[in-house]
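Peer 1: Spelled out, the chains give:
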Amino acid sequence: MKPAPFTYHSPRSVDEALSLLGSHENARLLAGGQSLVPMLNFRLASPDHLIDLTRIESLRGIREEGDEIVFGAMTRQRDIEFSSVIAERLPLMAEAVPQLGHRQTRNRGTIGGSLCHLDPSAELPTICMAMDASLEVLGPSGKRTVAMADFAQGMMTTALAAEDMLTAVRIRPWTGRYGHAFIEFARRHGDFAVASAAILIALDGAGTITRAVVALGGVGPVPLRVSAAEALLVGASAGPDAFGAAAAECAKVEALEDPTYPAWYRQHLAQTLAGRALKLAHERATGH
Amino acid sequence: MDTKRISLTVNGKIYEREVETRVNLVDFLRHDLGLTGSHVGCEHGVCGACTVLVDGVSTRGCLMFAAQADGAQVETIEGLAKDGKLNPLQESFWDLHGLQCGYCTPGVLMSLTEMLRDDLSPTETHVREVLSGHLCRCTGYQNIVAAALEAAKRYRESGQPV
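First to last, the protein sequences are chains A and E.
Per the numbering used here, the very first residue in the first sequence carries number 1; after that it's consecutive.
Per the numbering used here, the very first residue in the second sequence carries number 1; after that it's consecutive.
For reference, chain E alone in the conformation it holds in the complex (with noise of 0.2 Å):
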């Protein structure tokens, strides 16, 4: 078995870890660090319910190998709550019911997170892009959009960084 030995930072903490070569990241995130917040779904990068921030940017977590991460600053869902506290983002999903059965949230919140580093001032048209790299089966789309609509206004408003 071809394993090697990897440092990463996954939401903020330092795990050191040998691993089998052949693990991708997701499933590394979910069966070695118990981050099961991740979900997989299509394991051909279509389906998007895998995506986690790698070194900031959005990456199908199916389609990266955990050997590929080392030294890598790794962001997941759980790392968006604080101290207990849902923050602007998912408390938009919370209300404006963003979500049914949750499946794909994880990584839709991951690639609206990087979305809304970079513009707090989305398009309709740039959610929309955003969102065409995760299938969701449950809401048609309509209140995710309105979600992450909200949440850029909540982020604007409150002036609190992403």
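Here chain A stands alone, though its shape is the one from the complex (with noise of 0.2 Å):
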């Protein structure tokens, strides 16, 4: 099928944005459309006005600024597949990319795009619950940072209120003795993921859990993290006795049901895959 008819703006600014935004009915900002136009392709989604973000260079880049590095909401998923910044300061994140769609559609998604549709399974929503995001959110108002345990509210359901637009994602890197994992399942590469799983570990010199995550895409509406789960860990000695215990957490979480894939086995992913990526993390953070 072909989109209903709508208007097009292309701004080139973030003010000129915000202003088409406030001043039209039924507008949408249109990132790297890589989710977006197939719904207007189905008419899932039917906006009068289209406002095509990818001309607002302020938008796009990524920096290191103090102790955290900000992603423009524009940044494409490939400039950060590609960016040795992001492959030295933050590799769950680099781990998670090269899985999320294709390298085609990698080449046009965004940052900001991806954590505004806010699929389930999507990858890098669920890397940002992981990493304690923050995000940059300019509306009538003016600015706020928002939490992205506080931005993602519930299936698919943004704390965006229709005149306010996401500028920029922060995120500060772990230091020190750590290890990193994500590991998904999906049927095919590219596929959306059924399951996937985030893990952070930090150590200390006697091999003590000092701080952990345990992070799951597209078990809950929204990604999740197991508190239960990072409750365990800390204090812990690292090793199978207390990754064990803490991936059976991740089993008890509600998960969703749909024709395709019961609660139960999204939850027996979830505790496989946490498994997993437990011990990938400890092997990784120990050096073997």
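Some clues are possibly wrong.
Said to hold, decoys possible - Here are the computed lysine-lysine pairs in the DSS-like style, where the Cα-Cα straight-line distance is at most 30 Å: (1) 2(A) - 4(E); (2) 2(A) - 13(E); (3) 13(E) - 82(E); (4) 4(E) - 85(E).
As the list claims (entries may be wrong) - Among the chain E residues that face chain A by a calculated CB cut under 10 Å, a handful are: (5) 23; (6) 59; (7) 115.
The set of hints was computed from the structure by calculation and includes no laboratory data.
All C-beta atoms in this analysis are idealised placements derived from N, C-alpha and C, irrespective of residue type, glycine included.
Using the supplied hints, reconstruct the complex from the two chains, each of which is provided in its own coordinate frame.
Peer 2: See the structure below:
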């Protein structure tokens, strides 16, 4: 099918985009278009105005600012994939991005578009949940910062109001002795994952876990942090016992159910993937 | 009807057209420019038949509007053969039976063109990863992979630019 007619706008600045968004009824922002355009083609979305952010240069790029990495919302997934800064400082994200869609969709898809679309199994929202990302939002009343945990309100539903725009994503990389792992299960490479696990664990010199993140994608309506698993890990001695107990917590989360994948299957996958990812993250933290 | 005047380069030739803004790039190429080599399959970015190069990178022609290609350099399957002679990538597909019905082939060749410009010694894993963005229902992919690796070898040996 073809999209219903709309009026196309191509603003050159964030202010211009916000003013267009505020002055038109039923307007949508267009980022990389790899999720919104299929919805337009199938007429699942029929905005009267489409505001294309592609030509706003200030929304693109990755920069290091203090101890944070800042992504312009229109930074393409391709730019993240080939960034040496990300490879070095955010290896968890670097591991996830090549599993996101395909070469041909990563060339146009953006980090901001992925976060605003908020598909439950999408990789970048899961990574942002794992990394406690801060999201910069600009709206009629000015700029505000929203924690990823508050941004993801429900199935494909964000904290953005109709006249708000996500402008940047801030992530503070972990430092010191830590390991990471992102593992997903999809029927074919590039398909939406049925489930994914993102793990970060930091260790002290004695091998005790000092900090832990257990995040799941595709299991719940939004990416989840399994706080019960994280609580079990912190203070425990890194090894199969702690990892097994933490992974078992992942099978207890309330999971999505659909005709293809029952909830118990997602829970089983969550436990298996988290267990594998914990082991891999530990191997990386200890260098073997 | 919302329209926009655009100017873009397709296979080295400059075109100026007035386009309806809801028309996607691949429909524009096919219907407005008569370049029917790029195919339309699923219209939601999954099958890869509509893949073209926009400013050198592979792009789903169904997930980008023609209006967004204003000022862009677009390359399509029609640009691969020179003076009626197939290029080494196309010849490799011919020689190794890398296609049967041919519906997916224009998109496959554009993604492989992008890959070969970047990497003339791709591993089979790399080739298969690139191909993961393309559905082929005839070949089972084996001959596509073989043809892609053969093309890389021919480009390496001839020194001809991709």
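Peer 1: Hint residue 115(E) vs chain A: min CB-CB distance below 10 Å?
Peer 2: Constraint on residue 115(E) satisfied, holds at 8 Å.
Peer 1: Compare the distance between the alpha carbons of residue 4(E) and residue 85(E) with 30 Å, and conclude whether the hinted pair is satisfied.
Peer 2: Given pair residue 4(E), residue 85(E) is violated - Cα atoms ~36 Å apart, limit 30 Å.
Peer 1: Given the hinted pair residue 2(A) and residue 13(E), is their alpha-carbon gap at most 30 Å?
Peer 2: 27 Å, holds
Peer 1: Regarding the pair residue 2(A) and residue 4(E), is the alpha-carbon distance no greater than 30 Å?
Peer 2: Between residue 2(A) and residue 4(E) the Cα gap is close to 18 Å, so the pair holds against 30 Å.
Peer 1: Would you settle whether the hint for residue 23(E) is holds or violated, based on the nearest Cβ-Cβ distance to chain A being less than 10 Å?
Peer 2: 8 Å, holds
Peer 1: Going by Cβ atoms only, is residue 59(E) closer than 10 Å to chain A?
Peer 2: 6 Å, holds
Peer 1: So if I understand the rule, the pair passes when the alpha-carbon distance is 30 Å or less; does residue 13(E) with residue 82(E) pass?
Peer 2: Given pair residue 13(E), residue 82(E) holds - Cα atoms ~14 Å apart, limit 30 Å.
Against the hints set out earlier in the document, a violation occurs for number 4 only.
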